[in-house]
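Engineer: Just so we're aligned: 1 in my numbering is position 1 of the sequence shown, and the numbers increase by one with no gaps anywhere.
The hints are simulated quantities; they were obtained by calculation from the structure and are not laboratory data.
Be careful, since some hints might not be right.
Ranges between beta-carbon positions, derived for each pair [unchecked claim]:
#, residue 1, residue 2, range
1, Arg59, Glu36, 15 to 21 Å
2, Thr6, Pro53, 16 to 22 Å
3, Thr66, Ala16, 47 to 53 Å
4, Ser23, Thr65, 15 to 21 Å
5, Glu30, Ala51, 23 to 29 Å
6, Glu30, Asp52, 51 to 57 Å
7, Tyr3, Glu35, 34 to 40 Å
8, Tyr64, Gly26, 24 to 30 Å
9, Ala63, Leu20, 56 to 62 Å
Nothing here was measured: the structure is a model prediction, and the numbers come from that model.
Ideal placement from N, C-alpha and C gives every residue a C-beta, glycine not left out.
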Amino acid sequence: MAYSQTQLEALEAALASGMLRVSFEGRSVEYRSVEELQKAIAEVKAALAAADPDHPRSRVLRAYTTKGF
Numbered sequence: 001m002a003y004s005q006t007q008l009e010a011l012e013a014a015l016a017s018g019m020l021r022v023s024f025e026g027r028s029v030e031y032r033s034v035e036e037l038q039k040a041i042a043e044v045k046a047a048l049a050a051a052d053p054d055h056p057r058s059r060v061l062r063a064y065t066t067k068g069f
């Protein structure tokens, strides 16, 4: 699903105000807990970051060494 920055802002505003109900473009969602709302925010942030072509991807480098060659 494609998310927008406006949706993220609505979720964050609801979290900041202590509300569990978020309304956006005529639709309303009520989350069961703060944790569920936080998971939704994390999901939207991840989707927005993945959709941004300028966002650098995370890379993990692991070095393994032994004695000698």
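Engineer: Among all the numbered hints in the text so far, which are the ones the structure does not match?
Structural biologist: Failing hints, ascending: 1, 4, 6, 7, 8, 9.
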